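Start from chain A and add chain B according to the hints.
Residue numbers (UniProt numbering), protein chains in the order written: chain A, 1 to 376; chain B, 1 to 412.
Any given hint could turn out to be false.
Straight line, CA to CA, 16 Å or less: simulated EDC-like cross-link-like pairs of lysine to aspartate or glutamate [as the list claims (entries may be wrong)]:
| id | chain 1 | residue 1 | chain 2 | residue 2 |
| --- | --- | --- | --- | --- |
| 1 | A | K103 | B | E192 |
| 2 | A | K169 | B | E98 |
| 3 | B | K353 | B | D397 |
| 4 | A | K75 | B | E192 |
| 5 | A | K169 | B | E101 |
| 6 | A | K169 | B | E62 |
| 7 | A | K75 | B | D151 |
| 8 | B | K282 | B | D267 |
None of these hints come from the bench; they were simulated from the model. Bear in mind that the values here come from a model prediction, so they are computed numbers and not experimental data.
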Amino acid sequence: MATVTFDKATRVYPGTERPAVDALDLHVGDGEFLVLVGPSGCGKSTSLRMLAGLEDVNSGRILIGDRDVTDVQPKDRDIAMVFQNYALYPHMTVADNMGFALKIAGKPKAEIRQRVEEAAKILDLSEYLDRKPKALSGGQRQRVAMGRAIVRQPQVFLMDEPLSNLDAKLRVQTRTQIASLQRRLGVTTVYVTHDQTEALTMGDRIAVLKDGLLQQVGTPRDMYDTPANVFVAGFIGSPAMNLGTFHVKDGNASLGGTNIAIPRAAVDSLAADDNKSIVVGFRPESLDVVPQGTPDAIPVEVNIVEELGSDAFVYGSLSRALGAEAEQIHSGAGDAQVIVRVDPRQVPLKGDTIWVRIRPGEQHLFHAGSGERITV
Amino acid sequence: MAHNLQITAASPDPALLDLPWHVPLEDWPTDVLAALPRGISRHVVRFVKLSGRVIAVKEIGESVAYREYDLLRQLGRIDVPSVEPVGVITGRRSPEGEPLEAVLITKHLQFSLPYRAVFSQVLQPDTATRLIDALAVLLVRLHLVGFYWGDVSLSNTLFRRDAGAFAAYLVDAETGDLHQALSDGQRAYDLEVARVNIIGELMDLVAGELLEEDTDTVAIGTMLVERYEDLWTALTDEESFTATERWRVAARIDRLNDLGFDVGELDITTDIDGTTVRIQPKVVDAGHHSRRLMRLTGLDVEENQARRMLNDLDAYAAATDRQNEDESFVAHDWLTQVFEPAVRAVPRELRGKLEPAQIFHELLDHRYFISEEHQRDVPLPEAVQSYVQEVLRHRPDELAVLGASGLPDDEA
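If we strip away everything but chain A, and leave its shape as in the complex, we get (with noise of 0.2 Å):
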């Protein structure tokens, strides 16, 4: 086992300017399951291949444990990338279906056994060991291909989308499965997704990516409590956070007749390109239903109502009562929309307007220039 150290590691794509991972610090802990996550063309992906020795690495280098592994063959940096090689043998048992790598690699055929058997018993296919591949279940076939990888201990699992050609039902099942199954592993494993809930979900930590940098690493507790810019408020959640800039007037932030007191610290930092504005953000569920006329209240039309039960969101517009500035104003549902966590057994109707009012505390500030998180 060991650690995962990228130490300004870049990658530029010939006839690219832009680098497509620029700089990328990054020490993942031994027995660690780290997360990259974010959106198509992030460089999520391509820093996994540059630790699996796939991508050439620019400048900067790259460590397993406390080897500099950037020059090193893939085959040699005692890696298994999962999932790519599902094919199970159908005249071949499943010990041997899971053993047949060290067999090519020349090990003893006592260790090979010794090896299938203990991987087996974590993946709870002990008693098929001597059967043939027809005679398992679609599940146990997938773990028969997981086991493929754990008996070649490697120091670092790797993972790229692995779920993503997997239907729905199957993808959560799976998901909760190599969670557990790398907690009892323990082996350090880097997990590249675009979905934030896979991530929210499986990481110990999550590292978020935009146009090939590091927005912020940390637990998903941090990231979703404490989310470094706008970017990564807007990215982590789902529903995603509310997000609006407003203008900052004293003391105040104001968008229409309504005020959010801004704390005199947070003021005060407000730098020269952020040109008197400052961005707020509040999440579904930090927002209270309020009877009309309550101070700071911001009236929202509600257009759906979306009940699952245990909770129930209103996706709404801003009032137009706002003017042009409910403009300013975005959630996960579009532009001048707002989603709003509400009691689900008191939910509005299609149409309603109700009036919404961010818990003290509840909200997050972020620069309007820069988009950096103000800390208070």
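Chain B alone, transformed into the frame defined by chain A:
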């Protein structure tokens, strides 16, 4: 209905609409199926009859389906041997409204053989070697155009007979990626995956008693790496020599032609005083012989078949004393007087056994054997009769071998 079946295809066949898309592929009725595939695949795959042809239908996630469809189209456009994509179908629903997986449809490659079928037939001793050679050529061609495969294996490849050898076609591009150029790491990884997969597949054939127990599977897998490296070096290596040895430029091009490649672009640099010349092929295209035959006769055949036919064309020119004539006139006469009468003499019901070009190749072999046996030059029409009766009639049909032919049942 808010959800409609959506078909994305370059030239859709209306008959596609008649297939039971509202049924999970696994439960499709046998009357639409051409055969069941063998082996254990990660997706459900079915071979289906459509307008007198066979298509392969694979259930797969929607985004992956579109991705693979686009990749296969790109590979086709740059002339890499691969299966031809027909289309992607999404928005499938069961009558109860349950959403069903998207499907990717590809054309079945006629006269192609899955490796399991090759091994299940009576074998020449070096079959494994010939398959490995074909796969090495395919992998080099893919890497030359910047395609990283990700899951190279015999089962992700189809083989077509090509005179005494095989030609390999890429079937599964799901894990692949097209880059501007591949890094050495990508090539090395593809090769290692190929080596391990091939050995695994051969071990499986040994376990299934389709291959001799004492077969050195590891040596065969390792051979792929050697063949690949040799070919890659021959095609891409820089070579330097003194300015007085300029004939070596032409020699290099001849060598590449012999390997079946044309040189599209050759970098030639000399040092300042002009004493040393360095050459390095920059663009090489496979299919030297098949392109030449195509230009002369319009026949579209595999590389080694073309080589064989071009040799026969040369022999024809010599025998008719026309070596100094314009080659295209001679080729036209060879086509109408030799090739076409020979393949037309094969009874219609036997034409599904082999491709015409492969029949012609075997016919030439056969004529050679019987001429030797009879100690006289057997003319082609006589050789055709003998070949049809003694050889072709006893061969299996290979027009649409879908992995089911001649194989013992997989034991559960």
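For each hint, the structure was consulted:
1. A:K103 <-> B:E192: Holds. K103 (chain A) to E192 (chain B) sits at ~15 Å (cutoff 16 Å).
2. A:K169 <-> B:E98: With a Cα-Cα distance of about 13 Å, the restraint between K169 (chain A) and E98 (chain B) holds, given a limit of 16 Å.
3. B:K353 <-> B:D397: 4 Å, holds
4. A:K75 <-> B:E192: Status holds; Cα separation ~7 Å.
5. A:K169 <-> B:E101: Holds - the C-alpha atoms of E101 (chain B) and K169 (chain A) are around 12 Å apart, at most 16 Å.
6. A:K169 <-> B:E62: 15 Å, holds
7. A:K75 <-> B:D151: 15 Å, holds
8. B:K282 <-> B:D267: With a Cα-Cα distance of about 6 Å, the restraint between K282 (chain B) and D267 (chain B) holds, given a limit of 16 Å.
Figure legend: structure checked against the earlier numbered hints; every hint is met.
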